[in-house]
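Residue numbers (this note's numbering), protein chains in the order written: chain H, 1 to 401; chain P, 1001 to 1416; chain L, 2001 to 2257.
Among the clues, some could well be false.
Keeping only pairs whose Cα atoms sit at most 27 Å apart, straight-line, the calculated DSSO-like set for lysine-lysine is [to be verified]:
1. L:Lys2118 / L:Lys2102
2. L:Lys2025 / H:Lys392
3. P:Lys1170 / P:Lys1261
4. H:Lys54 / P:Lys1174
5. L:Lys2118 / L:Lys2025
6. H:Lys260 / H:Lys233
7. P:Lys1093 / P:Lys1250
8. H:Lys77 / H:Lys272
9. P:Lys1126 / H:Lys266
10. P:Lys1170 / P:Lys1093
11. H:Lys392 / L:Lys2091
12. H:Lys268 / H:Lys54
13. H:Lys260 / H:Lys103
14. L:Lys2118 / H:Lys260
15. H:Lys268 / P:Lys1126
16. P:Lys1086 / P:Lys1250
17. H:Lys77 / H:Lys186
18. H:Lys268 / L:Lys2118
19. P:Lys1250 / P:Lys1174
20. H:Lys233 / H:Lys186
21. P:Lys1170 / H:Lys272
22. H:Lys103 / H:Lys233
23. H:Lys103 / H:Lys266
24. H:Lys233 / H:Lys146
To give a feel for the contact side, a few chain P residues facing chain H, derived at Cβ under 7 Å [as the list claims (entries may be wrong)]:
25. Ala1035
26. Asp1270
27. Leu1302
28. Val1303
By construction, these hints were calculated from the structure, which means they are not laboratory data. Ideal Cβ positions, reconstructed from N, Cα and C, are used throughout, including at glycine.
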Amino acid sequence: MNTMKYFLLNNWIFISEAARLAGRNLVASFFWLVSAVAGTSFAVILMMLQTGFKNALEDSTTSVIDRLDGDLFIVSKRMYILAIPQTFPLRRIEAAAGFAGVKSAYPLMIENRRTSWRRSGDGVSRRIRVIAYPPRSDLLDIAEVKATRDAWSAPETALADSLSKPHLVGRIHTGDVSELSRRRLKIVGMFSLGTDFHNDGTLIMSDANLLRYVPERAGSSRGDDRIDIGVIKIQPGYRIDQIESAIAAILPGDVRVLSKAEFVAKEKRFWKRVAPIGIVFDIGVGVGLIVGMAICYQVLFAEVSDRLAEFATMKAIGHTELFLGLAVVIQALLLAAISFAVGLAISAGLYRLAHAATGLPMDMRIGDAREILALTIGMCSIAGLLAASRLKTADPAALFK
Amino acid sequence: MNRVYEIAILMVETARVAARNALRGGARSAIAVAAIGFALLMVLLQLGFLNAVRITGTNLYNELDFDIMIVSPNYDELYSPGDFPKERLVRAKSLASVVAARPVFTSFGMWRCPPYPFDPAEHREKPLLKLLGLERPPQPLQRRELLVIGIDLDDNPFREPVRSRIEAEKSKLKLAGRVLLNERSNPEYGWPNRSRFHDWELNLTAVEVVGGFFMLRGFGSDGSLICGDRDFGAILGRDVDDRVNLGLVKVVPGTVQSTIKALQQLLPNDVWILSREEMIRMESAYWVELTSTGMIFSIGVLVSLLVATIVIHQIVGADVRRRLAEYATLRACGHGATTNHAIVVFQSLIYGLAAFVPAVAGALGVYRLTEDATRIPMRLTTENLAIALATAIAAGLVGSILALGKLRSADPADLM
Amino acid sequence: MLLDPKVQISKPPDSFDDRLAIDAKGIAFSFGSGDSRTPALRGIDLAIERGEIVVLTGPSGSGKTTFLTLAGALRSVQEGSLHVLGRDLSKLSGREQKAHRKRIGFIFQLHNLFGSLKAIENVRMAAILRPDLEGGSIDSRCRNLLVELGLGDRLNHLPARLSGGQRQRVAIARALVNRPELILADEPTASLDSESGEIVVSLFRKLAQGPERTTVVIVTHDPRLLDRADRVVRLVDGRVESNTRRSRNTVVTETDN
Ligand SMILES: Nc1ncnc2c1ncn2[C@@H]1O[C@H](COP(=O)(O)OP(=O)(O)OP(=O)(O)O)[C@@H](O)[C@H]1O
Ligand SMILES: [Mg+2]
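My request is simple: use the sequences and hints to build the entire structure.
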């Protein structure tokens, strides 16, 4: 018991002493600290930014689906991603609406090929996405959109996304009157949804309205109108999966029924499989990590080299390499902590800038921040261990001259 | 003459010192070169991504043979070009300086893709890709969108080598429902299984793949095919005799500007007339500056340049600072500041070049990996090489000269 | 010369003697191998008693430093036998060497203090190796020693804010704080003025005559130290040229300088 206590006390002294040495060495040279933190924190920023872009890519593809207020969704059998239009006749939804347990079934249209918005300033027309549905259905769960329902129910009116890219679709404000596909359109309100990799701006209007602008969507009868998504809400007390399979059983083979989770998963799966651009950002993170490790190693190696005689003296008086290595690694960890904090702060600013410039969702996720913190600590401690191996070359015999 | 000789001697001498510093630096030099190399690799990678965005805007136009392009004023970008009356091309041909005025039709179409793996029995795993989680998952038969390019088969608008590929299959293509598939399309479109799969469909019309051509893929579409204008009209429901998407004009050499002026007078203002350079510049600018993809990779390039600059600046600066005493001694021996500056200039050159070579080699490897995994075209351009090299040298120079500045401000007594 | 050159020490005892701090027999040591082999020591026989203050002199390159590194177990013996503080150095493992070194205080010509640590913290770095030593807490041991070396008002200074001599005294404090049984010093007073040098030597003397009977081996050319030594050993070309013992009772007074 006593020896145990003695052992702990003994080691506690060494650990605290190593930490003190590490801390003092860290701040000993202001220049060293600034350049070490600059190099390491920029590696952190690079990793954060790449992760942010990756999330933006993933999140933006499902931003509309995420906001759809429904339990089940009818989509065309051919639809493989929402951004590429695949329509089916409205009749399919009407068939589903009569089901026991179905509270409501509404059509939603997304048009992004045939609609172009005339910029008010220079009159140039740019493609814009239009989401259309019956205003009273409140299909999109966005507060501004629900609140202005009456205003955009009127013909030739729409809401505009304030996050649309100004340099493509122009700056749009409430009250603007311009043309959508050569027909008059008045903007009666704003909302915020954001862009994605296919769409640079978004308008919301009533389904009846969209048929005026894109008459090609109208069928010979109302049941033939071409729509993109049927949004179904289920009455409380019914099981979603049961109704899902019941509806799927009666609907013809040109459509399929998806729950929200399935819909989101389908979209994400496609991007992951076919256009794995996310990998580009993973590679970016990887390279950032290696650069960070290299710079960290370089600064710590220089640090150890500069103090090699001091470390050798410590060896001469009986300190172990482990103790000295501990000091180097603690210094690396302190460097990691400071660099992460600095990198996090700067990245937060950059995220905001990127969000403003692209309209893409750029959110710092706690999980990602934690992951990057772990990577930073890992990268610095490996660099620290490598630099500490330099201590082996500290020869106390060479100190006597 | 004497002065020149002196300078030459000084140059050789300082270069020798710099080389010796770098070579004898041992582990430190090696680490410095490695760190700079990784920083440059990172820059090259981000530049490669951005270049892939640029390729998106130029992949088709680079293959097309034209001096002047006529498009609709509603032209956004290649994948949303708008259209204009075909009659404008007929009128353009009436100009003496116009050699040819050819229509090109573009549209998205739905392509029926074969399943993957086509034959499960033959399926072979790729261990490396599997390890990285990049292996292609199985995929049933499905329809996917691709870019359809319609041309007048008797008036081929393509340059070599696509031109010959079309000419070779011309007689087949003239039969209804025959297309050429881009070999570089996403493999999901079925090029690898062209000999075994026969149930191709474009927009619900059965077609046959009679050959391939080679065009880089971009972020705009994952695949592309070429067909005759008759097929284009029939399958996609477009009146190819009435309206066209792109008008490609060839002129007598040296008459581009004058022809543009003449065309502007000749044609009504329902068309835009652009030179080849303007067209390609505009299209790249659209993809690089206006799309989210372009912006994101531009930010990536900027940040990576910044990181690399800091890293290199820091490393070369630290190296010079380490030898500050030697530089101080040189000055004490009566050498001017020029000698020291010349040494650090040479030294950053040596470091920059020494790091550059492995960085380029590494970048080529990472490009390969990226292209295999993401199917984004990764090309190393001379322009990007120059940017990376210039970054290495400039950042190293600034770093070392700033460090030398410290020498000037240092009190010689501090060296005691 | 203040030393008595006549008092020669007799042949060193043939067998190991516990009263001896260092017992060297036929020590030879060469650097390098093959063609570049340079002999530094060519057969050193030397016995140093506990509590002795020995000055090692000789021309540059004569092997003084090499001998110190061997005695301090910083290098391994190649030829001959070397007993230090009762241990046969040729039989020590690397780990035992390290443990052995804790009994020795090293003073190098360059102070090698951590520039980032205050004077007292630099001493602490050594003091923590022997937390069990008597004489108060680690901190008070460090403080007392620095005060004794005339640095009472410089405890919390960084080395950059100390003079060369003050830095050297901090380094000496670091070597002495664990009350080593043997002190090996290479040119320790080169950067000290006579007053500080005096303080250091008096401290050595006090340790040598104290209950621990610390042995001190100093390599120096400093004539001020020669007359404070119990013995002066002169090396030439890797051999002991002379080994002169001053009589113990001749105590040099302050005015004797
Ligand atoms: N690390 C080494 N490698 C090779 N030879 C060495 C080394 N250290 C010392 N020597 C050689 O060994 C011999 C003895 O050197 P040593 O350092 O012991 O001399 P010294 O007596 O301490 O000299 P000084 O008074 O100049 O310090 C010299 O000839 C020297 O050149
Ligand atoms: Mg010596």
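Restraint check for lysine 260 (chain H) with lysine 233 (chain H), where alpha carbons must lie at most 27 Å apart | 11 Å, holds
Are lysine 2118 (chain L) and lysine 2102 (chain L) close enough, with their CA atoms no more than 27 Å apart?
-> Holds, because 22 Å separates the two Cα atoms, which is no more than 27 Å.
With a cut-off of 27 Å on the C-alpha distance, tell me whether lysine 1093 (chain P) and lysine 1250 (chain P) pass.
-> 10 Å, holds
Hint consistency between lysine 392 (chain H) and lysine 2091 (chain L) [alpha-carbon to alpha-carbon, up to 27 Å] = Given that 27 Å is the threshold and the Cα spacing comes to 23 Å, the pair holds.
Holds or violated: lysine 233 (chain H) to lysine 146 (chain H), with C-alpha atoms at most 27 Å apart = 17 Å, holds
If you draw a straight line from the CA of lysine 1086 (chain P) to the CA of lysine 1250 (chain P), is it 27 Å or shorter?
-> Satisfied, since the Cα-Cα distance of roughly 16 Å is no more than 27 Å.
Holds or violated: lysine 54 (chain H) with lysine 1174 (chain P), Cα cutoff 27 Å?
-> Roughly 45 Å between the alpha carbons, so the hint for lysine 54 (chain H) and lysine 1174 (chain P) is violated.
Take a quick look at whether lysine 1250 (chain P) and lysine 1174 (chain P) sit within 27 Å of each other, Cα to Cα.
-> 24 Å, holds
Taken at face value, is the distance from the CA of lysine 54 (chain H) to the CA of lysine 268 (chain H) at most 27 Å?
-> 12 Å, holds
Decide if the proposed pair is consistent with the structure: lysine 77 (chain H) and lysine 186 (chain H), CA atoms, cutoff 27 Å inclusive.
-> 35 Å, violated
Does lysine 266 (chain H) lie within 27 Å of lysine 103 (chain H) when you go C-alpha to C-alpha?
-> 25 Å, holds
With a cut-off of 7 Å, does the beta carbon of aspartate 1270 (chain P) approach a beta carbon of chain H closely enough for the hint to hold?
-> The hint is violated - aspartate 1270 (chain P) has no Cβ within 7 Å of chain H, the shortest such distance being about 13 Å.
Checked against the numbered hints listed earlier, the structure breaks hints 2, 3, 4, 5, 14, 17, 18, 20, 21, 26 and 27; every other hint is satisfied.
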